[in-house]
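Visitor: Each chain is listed here by its residues.
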Amino acid sequence: MFEVVIIGAGVVGAAIARELSRYRISTCLIERGSDVAMGASKANSGIVHAGYDPEPGSIMAKTNIQANVLFEKLCEELDVRLKKNGSLVIALEDKEREGLIELYERGKKNGSWGLHLIDANEVKRLEPAVNENVIEGLYAPNSAIVCPYELTIALAENAVMNGVKIMLNTEVKGISKDSNGIFKIEVLKRGTKGVLKDVSNVGSNVGDGEEEESEEAKEIGKRLVIESKYVINAAGLNAGKISACAGAEKYEIKGRKGEYFLLDKYAGKIVKHTIFGVPGKMGKGVLVAPTVDGNLLVGPNAKDVEDDDVSTTYEGLEEVWSAGTKLVPSLERKKTITTFSGIRAMPPERDGKRDFIVEMSKKLDGFINVVGICSPGLSASPAIALMVVKILEDNGCKLSLKGSEFIERRKSIPRFRELSNEDREALIRKDTRYGRVICRCETVTEGEIVEALHRPFVSGTIDGVKRRVRAGMGRCQGGFCSPKVLSIISRELSISPLEVCKSGLGSNILVGETKSKGEMSER
Amino acid sequence: MNEKRKMNEKKDGLRRYEYEIAVIGGGPAGLGASLSAWKAGGKKIVILERGAELGGILPQCIHSGFGLHYFGEELTGPEYAYRFISELKNTEVEVKLDTMVLEISAEISGDMRKRILCVNAKDGIFEIDARIIILAMGCRERTRGALQIPGSRPAGVYTAGATQRYVNIEGYLPGKKIFVLGSGDIGLIMARRLTLEGAKVVMVCEIMPYSCGLNRNIVQCVEDFGIPLRFSHTVTKVHGRERVEGVTICRVDEKLKPIKGSEEYIECDTLLLSVGLIPENELTRNAGIMIDERTGGPVVNENMETSIKGVYACGNVVHVHDLVDNVTKESERAGMNAAKALFEKVERERERIGNVEYRKDNKDKDKNVEYEGDREGKDNEEKEDENNIRLSAGKGVRYTVPQRLTNRVKGDVEVFFRVTEVFRDSKIVVDGVDGVDEGVDEGKGEVYVSQKRRVMNPGEMQSVVLKKEVIEDILSDGVGELRFFIECK
Chain C
95 MFEVVIIGAG
105 VVGAAIAREL
115 SRYRISTCLI
125 ERGSDVAMGA
135 SKANSGIVHA
145 GYDPEPGSIM
155 AKTNIQANVL
165 FEKLCEELDV
175 RLKKNGSLVI
185 ALEDKEREGL
195 IELYERGKKN
205 GSWGLHLIDA
215 NEVKRLEPAV
225 NENVIEGLYA
235 PNSAIVCPYE
245 LTIALAENAV
255 MNGVKIMLNT
265 EVKGISKDSN
275 GIFKIEVLKR
285 GTKGVLKDVS
295 NVGSNVGDGE
305 EEESEEAKEI
315 GKRLVIESKY
325 VINAAGLNAG
335 KISACAGAEK
345 YEIKGRKGEY
355 FLLDKYAGKI
365 VKHTIFGVPG
375 KMGKGVLVAP
385 TVDGNLLVGP
395 NAKDVEDDDV
405 STTYEGLEEV
415 WSAGTKLVPS
425 LERKKTITTF
435 SGIRAMPPER
445 DGKRDFIVEM
455 SKKLDGFINV
465 VGICSPGLSA
475 SPAIALMVVK
485 ILEDNGCKLS
495 LKGSEFIERR
505 KSIPRFRELS
515 NEDREALIRK
525 DTRYGRVICR
535 CETVTEGEIV
545 EALHRPFVSG
555 TIDGVKRRVR
565 AGMGRCQGGF
575 CSPKVLSIIS
585 RELSISPLEV
595 CKSGLGSNIL
605 VGETKSKGEM
615 SER
Chain L
3 MNEKRKMNEK
13 KDGLRRYEYE
23 IAVIGGGPAG
33 LGASLSAWKA
43 GGKKIVILER
53 GAELGGILPQ
63 CIHSGFGLHY
73 FGEELTGPEY
83 AYRFISELKN
93 TEVEVKLDTM
103 VLEISAEISG
113 DMRKRILCVN
123 AKDGIFEIDA
133 RIIILAMGCR
143 ERTRGALQIP
153 GSRPAGVYTA
163 GATQRYVNIE
173 GYLPGKKIFV
183 LGSGDIGLIM
193 ARRLTLEGAK
203 VVMVCEIMPY
213 SCGLNRNIVQ
223 CVEDFGIPLR
233 FSHTVTKVHG
243 RERVEGVTIC
253 RVDEKLKPIK
263 GSEEYIECDT
273 LLLSVGLIPE
283 NELTRNAGIM
293 IDERTGGPVV
303 NENMETSIKG
313 VYACGNVVHV
323 HDLVDNVTKE
333 SERAGMNAAK
343 ALFEKVERER
353 ERIGNVEYRK
363 DNKDKDKNVE
373 YEGDREGKDN
383 EEKEDENNIR
393 LSAGKGVRYT
403 VPQRLTNRVK
413 GDVEVFFRVT
423 EVFRDSKIVV
433 DGVDGVDEGV
443 DEGKGEVYVS
453 QKRRVMNPGE
463 MQSVVLKKEV
473 IEDILSDGVG
483 ELRFFIECK
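In order, the protein sequence lines correspond to chains C and L. Count along the first sequence from 1, add 94, and you get the number used in the numbering used here. Count along the second sequence from 1, add 2, and you get the number used in the numbering used here.
Just to be clear, a hint being listed does not mean it is correct.
[Unchecked claim] Short, incomplete list of chain L residues facing chain C, as computed with Cβ under 7 Å:
no., residue
1, A108
2, P152
3, G153
4, E199
I should point out that these hints are in silico values taken from the structure, not numbers from a laboratory. Even glycine gets a Cβ: it sits at the ideal position worked out from N, Cα and C.
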């Protein structure tokens with residue numbers, strides 16, 4: 095039995111898991127996807143916001159401001175890249191000036207320091223590429239950029255290093271509470287035979303279950319029951335369903351989709367700061383921002399959706415592009431590497447306001463809802479984790495610090511392309527696989543890919559590898575390297591190439607062998 | 003400054019190898035260039051190849067159709083590559099496989115050498131110093147992301163080249179019901195290959211109103227297999243959560259915009275993309291070599307020399323070819339001219355070193371003198387060989403290669419170009435203008451070439467030969483710009 099089960103391994107679930115791993119309690123992190131950060135945490139702007147956007151007094155404002163200060167230390171401990179590049183909100187028309195001043199006032203009330211309004215000349219001096227019709231800007235030196243899945247993976251890895259169990263490909267099917275007040279969480283752990291061999295670091299020791307064929311033909315799943323004293327619902331877009339199925343509050347969580355363009359590194363230096371327009375009623379609007387890897391991100395728009403379909407649309411992309419080029423006219427669309435979209439889980443309206451919900455259920459004791467974590471969720475996540483710990487403590491969960499046992503630091507996979515020649519040489523001397531470049535666009539070596547497949551927890555998929563080491567993230571989008579990455583995954587995890595998936599189960603890259611495959615292997 | 007830099011390099015402690023000619027890439031272009039450089043008397047040549055074997059993409063092109071022009075016989079890709087690889091074995095050209103070039107510095111300190119930063123598992127990080135660099139990195143495929151095809155992002159969207167590797171090298175099928183977007187040659191070849199492997203190719207669709215691949219491939223790979231082929235259509239949405247389940251296609255208007263109401267859903271499990279190739283010029287750009295945005299490759303002169311002296315380029319890194327035979331011919335030109343330039347360079351250096359030593363003896367022992375001497379030499383060299391005739395693409399012409407002619411150009415020069423649309427019974431015209439009448443209407447300059455062509459297709463590379471006599475005229479007329487354009491009936 096676990097003390098705490100966290101449902102959902104987005105950045106919030108992972109941050110909670112990592113925070114809880116400081117204490118002498120047993121924690122399990124359950125994730126439906128094949129990796130952590132598979133929902134909103136995978137596809138967002140990657141901004142650590144300065145805190146001038148949220149309504150003063152809201153949980154959003156409080157956690158955003160509190161977390162902004164925590165980020166530097168957190169990222170340093172977890173070896174996650176954080177670039178304090180500052181943000182600029184720019185007003186292009188007179189009528190937007192009012193909005194700008196409102197942001198400034200709100201920021202001051204929230205406690206975001208260093209904000210100042212700057213005139214057009216100053217804006218142009220800071221960012222020569224912005225629309226020349228800019229009339230005024232709000233400069234926030236505390237805004238930073240971070241790679242959202244890099245952060246989530248690092249949080250989860252560190253949590254696992256400190257004893258948290260993580261279960262990927264595991265979907266919650268039902269939650270009940272027995273007469274002793276213990277939660278019984280019924281899950282289906284999905285996987286092909288190969289993947290189920292245990293890629294996710296949790297054996298079948300969690301409850302007992304039998305192998306059974308699930309609906310989809312190729313999938314095999316294990317039904318398991320996991321017991322815990324507390325449940326933390328951090329299921330993002332599905333948090334409403336999870337809460338309802340447990341018998342706690344019924345929330346209506348609406349999705350708000352945002353589409354993005356990711357541009358080549360050649361375009362990455364067009365701007366240094368994160369450039370926003372003045373926000374409208376659908377949120378902060380489209381931004382133009384560099385990423386920590388040196389690409390350029392343009393997006394998102396905001397469209398309310400009924401399901402979790404993350405398809406991009408022709409109209410949506412046009413909308414984003416026109417908004418992006420309004421801010422930075424020199425953007426070149428042909429420098430696009432890829433387009434994608436993510437869905438924010440919008441909090442339900444309560445008393446006419448929308449705010450994060452981070453609280454103990456009033457209907458189901460021991461069940462903590464962390465619901466409606468839209469923007470600035472990434473920026474607020476470390477503070478949300480602290481809030482959750484406090485709620486657990488206030489509700490009788492005995493938390494005693496591990497002290498020196500706690501492994502505070504986590505080392506990232508070496509990034510060959512960012513190393514000095516001396517460090518590269520040293521790495522190759524230790525392991526010659528660091529001398530073999532697999533992904534030519536991002537200069538990713540075999541050593542890095544192998545390392546990604548032997549971390550505290552592993553997502554043995556093409557996308558899992560891509561998010562950890564960037565193989566396939568560059569301008570050829572895996573055209574050259576994905577066959578090689580596929581064979582490395584197959585070799586390192588001892589699974590058939592036919593079992594290697596792009597991302598989720600059923601996303602197999604290959605469907606069969608060629609007629610002459612037999613002859614080929616005989617050679 | 004130079005002194006300081008040298009010391010830093012020492013501290014760096016990187017292994018360094020010296021060569022006369024370094025060829026980056028061991029595909030057909032690299033093979034052709036190194037062999038011809040060797041035959042022209044070049045010594046100390048090295049090929050740096052990132053793959054595990056030579057031949058570039060050829061080993062996975064197991065279909066035939068290679069070599070018809072160059073060897074006068076029909077070969078498969080591996081056979082074509084083997085001819086060069088086996089010939090290479092009889093030379094002293096060195097080959098470093100599994101070796102990635104990370105950076106090239108075209109001009110290091112004052113000594114006219116170029117430096118290449120490389121990595122491989124055996125040597126680790128190391129540098130290569132060479133007098134001549136030949137760029138032969140080839141090209142890569144345009145992706146779904148670059149096209150910005152909307153929809154979901156499931157497994158089952160592959161470029162034709164990646165598919166070819168899975169099927170022909172790894173022995174796996176990436177799908178059973180294939181939709182091919184784009185009529186690029188590899189896509190057409192793969193439509194046939196996958197059909198032969200038992201997959202169903204449901205359709206080939208091309209956004210342009212004409213084929214982008216060779217006509218022979220349309221006939222032999224698509225029509226002969228009864229695969230439906232649609233022009234002026236594109237994919238507007240990808241469906242499927244984990245794996246592709248289908249695509250929505252649309253007819254497009256003249257501006258290539260999808261026409262509302264023409265949507266059609268096609269069921270498939272794979273979207274195979276053959277939507278264009280892009281010269282791979284990251285190293286080139288980073289070295290500060292001038293790029294022609296129309297070809298995506300370096301600007302070259304008739305010797306296949308780039309904007310930086312001593313750096314040559316050939317093959318698909320310069321512009322995308324339809325036929326490997328043409329890649330080979332172009333590479334041979336690059337290799338031969340590189341070897342020739344090397345002799346001249348060595349010759350010049352010999353003279354210069356003589357001068358420097360003379361000065362050293364007579365004046366002082368300050369090392370700066372050496373660099374000064376070098377700089378003088380460099381200036382002289384630049385004066386000798388200027389790329390002062392610009393070749394420009396006018397109406398109906400997308401680009402030309404070469405883009406420059408030097409003032410020392412001699413003999414026949416074949417200029418390659420592509421047209422922007424299908425032209426029937428039209429003329430390719432070349433006229434020349436000097437600095438004074440630049441900007442006059444096309445055809446109003448001195449016309450040097452006017453040739454009738456029955457049909458010119460954007461999918462097939464065209465060429466026009468500027469004869470020796472024409473070149474002489476061009477030089478004596480003091481032409482600054484040669485304009486290539488199409489004259490319709």
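Visitor: Just to be careful: measuring from the Cβ of P152/L to every Cβ in chain C, is the smallest value less than 7 Å?
Guide: holds (5 Å)
Visitor: Against chain C, with CB atoms and a cut of 7 Å, does the hint on G153/L hold up?
Guide: At 5 Å from the nearest chain C Cβ, G153/L passes the 7 Å test, so the hint holds.
Visitor: Given E199/L as an interface hint, is the shortest Cβ-Cβ distance to chain C below 7 Å?
Guide: holds (5 Å)
Visitor: Does the interface hint hold: is A108/L within less than 7 Å of chain C, judged Cβ to Cβ?
Guide: Not OK, violated: A108/L not within 7 Å of chain C, min 19 Å.
Taken one by one, the earlier hints fail for this structure only at number 1.
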